[in-house]
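Each chain, letter by letter, is given below.
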Amino acid sequence: EDKVVQSPLSLVVHEGDTVTLNCSYEVTNFRSLLWYKQEKKAPTFLFMLTSSGIEKKSGRLSSILDKKELFSILNITATQTGDSAIYLCAVERTGGTSYGKLTFGQGTILTVHP
Amino acid sequence: GAVVSQHPSWVICKSGTSVKIECRSLDFQATTMFWYRQFPKQSLMLMATSNEGSKATYEQGVEKDKFLINHASLTLSTLTVTSAHPEDSSFYICSADERGGIPDTQYFGPGTRLTVL
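Chains A and B supply the protein sequences, listed in that same order.
Everything in the first sequence is counted per our numbering, starting at 1 for the first residue and increasing by one.
Everything in the second sequence is counted per our numbering, starting at 1001 for the first residue and increasing by one.
Simulated from the structure, these hints should not be mistaken for laboratory data.
Among the hints, a few may not be true.
What the hints assert, rightly or not - Cut-off 30 Å, straight-line C-alpha distance, at most; resulting in silico cross-link-like pairs (DSSO-like, lysine-lysine):
# : chain 1 : residue 1 : chain 2 : residue 2
1 : B       : Lys1064   : A       : Lys41
2 : B       : Lys1064   : A       : Lys40
3 : A       : Lys57     : B       : Lys1041
4 : B       : Lys1041   : A       : Lys3
5 : A       : Lys41     : B       : Lys1014
6 : B       : Lys1066   : A       : Lys40
7 : A       : Lys41     : B       : Lys1066
8 : A       : Lys56     : A       : Lys68
So here's chain A without its partners, still in its complex pose (with noise of 0.2 Å):
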């Protein structure tokens, strides 16, 4: 069965602190990672990984992936009040029916007090 575990479960912080948001993951034929931010309705998409070691970068954000240890980290430079929100990691499988289906971990609850 495929898992993902997402830590901590929840964190807070002051603005302008640093954060980094771990995700680790067992999944069958692995597609690709990807990370959500969710506040109070969907979550919105903030990166997609397929690759080790390639860092992508969204202003304050970052994220990374190792796929021979099978995790991702997301971090937070600098973070602000608007940071505050449940941050998801989902994976997701390839093959067959399986295309494109997402496994989500459990969120990181992240609050940035002013």
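Here the structure of chain A is known, so what remains is to put chain B in place on it, guided by the hints.
Below, chain B alone, put in the same frame as chain A:
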């Protein structure tokens, strides 16, 4: 980026009634859409995969006769919760698969909050 809409955004219904939720891809075609359910303080759980022009495939433990899925066109999938009960109250989210788009991945609708009294 690609836009996916859901309607309604929230619905309250009486126990025993049926509720239909629509998921639309607004600016792209989606041969595959996915339906998820999210209970409070829990993560998203995949319920079923909706394929245009063919039957949906359901995840283990999801009753296909209770959660009817129809994917009649390349831009619309519907989920009907039949004979809803309070335990069906949840946040239902769809995603549409933009294969070949940049990035080549899924985009989520805004979700539908269902409350069954």
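Quick rundown of the hints versus the structure:
A hinted pair counts as satisfied when its Cα atoms are at most 30 Å apart, and Lys1064(B) with Lys41(A) qualifies at roughly 26 Å. The hinted pair formed by Lys1064(B) and Lys40(A) meets the criterion: a straight-line CA distance of about 28 Å does not exceed 30 Å. Between Lys57(A) and Lys1041(B) the CA atoms are separated by roughly 28 Å; this keeps the pair inside 30 Å, and the hint holds. Annotation: proposed proximity of Lys1041(B) to Lys3(A) holds, straight-line Cα distance about 18 Å (limit 30 Å).
Annotation: proposed proximity of Lys41(A) to Lys1014(B) holds, straight-line Cα distance about 24 Å (limit 30 Å). Simply put, Lys1066(B) and Lys40(A) have alpha-carbon atoms about 27 Å apart, close enough for the 30 Å limit, and the pair holds. The suggested pairing of Lys41(A) with Lys1066(B) holds, with an alpha-carbon distance near 24 Å, which does not exceed 30 Å. Taking the CA atoms of Lys56(A) and Lys68(A), the gap is about 18 Å. The hint holds against a cut of 30 Å.
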